[in-house]
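Asks: Here the protein sequences come in this chain order: A and B.
Using the numbering used here, read the first sequence as starting at 1 and increasing by one per residue.
Using the numbering used here, read the second sequence as starting at 1001 and increasing by one per residue.
Only true hints are included.
Each computed SDA-like pair below joins lysine to any residue, with the alpha-carbon atoms no more than 25 Å apart: (1) Lys1175/B with Ala1248/B; (2) Lys1092/B with Ala294/A; (3) Lys1092/B with Glu189/A; (4) Lys304/A with Thr1089/B.
No wet-lab data here; the hints were simulated from the structure.
Take a look at the letters that make up each chain.
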Amino acid sequence: MRFWISSACAFALAVLAAATLKNEYYFFAGYTVLMFVVLATAWNILGGYAGYVNFGTPAFFGLGAYTAVVVFKATAAPLVVQILAAAVMSGLLGFATGLLTLRLRGIFFAIATIAVTVIMETLFINWRYTGGATGLQLLRPAPVWPFESYITMLFVVMAAMTVAAIAIARYIETSWIGRGLRAIRDSEEAAECSGVSTLKLKVFACAISGALMGAAGAPMPMYLSFIEPASTFNLNYAIGALASPMIGGTAHYLGPVIGAVILSTIQQVVTVTISSELNVLVVGVLLVVFVVAAPEGILGLVKKLFPRKKP
Amino acid sequence: MIFSFELLLEAVVFGILLGCFYAAVSIGLSVSFGLLDVPHVAHPAIMVFGAYCTYLLGQYGFDPILAGIVLMPPFFLLGMGVYRFYYETFEKRGSDAGVRGIAFFFGLTLIIEVGLILVFGVDQRSAEAPYIGKALSLGEMRIPWRFIVSFGVALVLMTALTLYLSKTFTGRAIKAVAQDEGALRLMGADPVWIKQWAFGIATAVSALAGAMLIIVGPVEPSLDRVYIGRTFAVVVLAGLGSMTGTLAAGLILGISESIVLMHFGASWAPAVAFGLLLVVLGIRPQGLFGR
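All chains should be built: construct the whole structure from the sequences, respecting the hints.
Replies: As C-alpha cells, this is what we get:
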C-alpha cells in the first residue's frame, strides 16, 4: 500500500511540475532522467535478479523507437498506440533473443545481445521506409488536451511509464517469479534441480525487460523530432541501463531507480556545465568504484550504515 | 548486382587478409577470455590505447611495428597489474563475480575511451610508414600493402603464441590452468601467478595488435566499441582458447564480411558476421572448434 501511495504522490508531483513550470529545459532533462529510470529498471529484471548481463539495451530501445516511427508514419496513430506497439515488438525480440541465447551462461549471453544490437542497427540502416542511414525528420502532431506543449506531454507520459515499470519490477521481485530468478542467479543447477523451470523464467524475464525498454524508446523519435540509426542504437543506452543498477544496488527494485536518478542527473549537469565526453567518464569511474568498493550499491551501503529491519 | 569470378576472387583474397587481421586482434582475448575465463570486455579498449601509444611513438620516428614491439613489455606489466587487481577484488571474493566482473571491465573501457578523448581529442589519427598508402598490383587486383604487412605480423604473432603455449613450460602451465586449476595447485604451482603471467602476455599481444590497428586504418577513441563485438565473435566462433580456431574463425569472419561487402554493399557487412555468431551460439555454443 505504501508503495502505491508514494508512487501516486511522485506521479502527482510530476504532473504538478508539468502544470506549473514554464521552462521547457527542465522537461527535456527530466524526460531523459525518467527514461533512464525505466531502462535501468527494465535491465535489472534480467540483469539484477537473474544475473544475466544484457548489453543489448540499444537493440530493444531502438526497435521500440523505430516501431513507433513506422506506426506513426503508416497510420498516424496516437502516442499510446505507438508505445503499445513498441512494447509488443521489443517484447517479441526479447522472447526470440531469450529462446535463442538464454541457454548460454553469463558472458556468452552478453555477447549475443551485442550481436542482436548490431543486427538491428544494420536492418534499420538498410530500410528505406524509415530513412535508412540518414534518418527521418518527424513533424510533431499537436499536443493532446490538456497539455500545452508536446515536450510536457512526453514528460508526463514518461512519468507514467516509470511508475508502471517500477510497479512491474516490484511485482516480479516479490512474487514467485523473482524468487525463481534469484535462485537462477545463485546457482542455476540447484534451481533446476529444485524444480524451477529456469529457461521459461529467463525467457519471460528477457521478454518483459525487452518490452519495457521498447516502450521507453517509443516516445524518443517525437522527443527529438528525428530518428537515425547510429544514435538510436548507441551503446550509451546500454551503459546507462547497466551502470545505474550497479550503482544503486541490484537486489531491490529501488536500486536501479536511485542509481538512474543520480547517474542521469550528474550526467545532465556535467553535459551542460563541462562537456559531453566527461559524462561518459563519470559513468566509467562511478561504475568501477561501486563494483569494487560497494558491490551491493548505494542500497547496500545504506543497509550497512543504518542496520535496521526494513518493512 | 553482378556475380563475376574475378570479383569473388578479389573478395576472398581481401577476406583472407582481413580475416588474419581479425584473428590477430582477437588472439589476446582468446588467451584472457578463452583460456583464463576473465570477461575482458576492456580488451578492445586496451588495444586502441596501444594504437594511440604507437601513434605517439610514431611522432618520434618509430615505425608502427617496431613501436608495437617496444610497447609489449610495458603492456605486459600493465596486464599483470590489471589481473592482480581483478583477482583481488572479484575472483578472490567469489560470489557474484560474473556480473560485477563484466561491469568492472566495462567501466575500465569507458575510462580508457574518455581518457584518450581528453588527451588526443575525437579526431582520427593515423600512423606513417613506407608501406601505408601504397598498393601491390596483381593483374587487375590492387592489394594495399598495409594489409599485407598486417597479414604477415598476424601470422608471425599467432605462430609464436601457438608455439609458446604448446612447447614452453609456462605456456603449458597456462593451458593447464585453463583445464583444471585445482590439479595445477596439487602439482605445486600457483595458479594465480600463472594466470597473472598469461594475462600479461595477452595484454602485451594486444599492444602489437593495437599497432596493427593503426596500420590498417586511422583510429579514433571510440573504435573499441566496434571491436568489442568483433573480437568476442571471433573468440566464441573459434571455441574458447583454441589458437588454430581463432585463425579459422577470423578467416570465416573476414571472408564472409568481404564477400558481403563487395556484393551487397558496406552497410550489410556487420550483420552477417553477427548473424553467424548468433547462429553458432544457438546451435553450437562451444564454438566451431571447441572441445
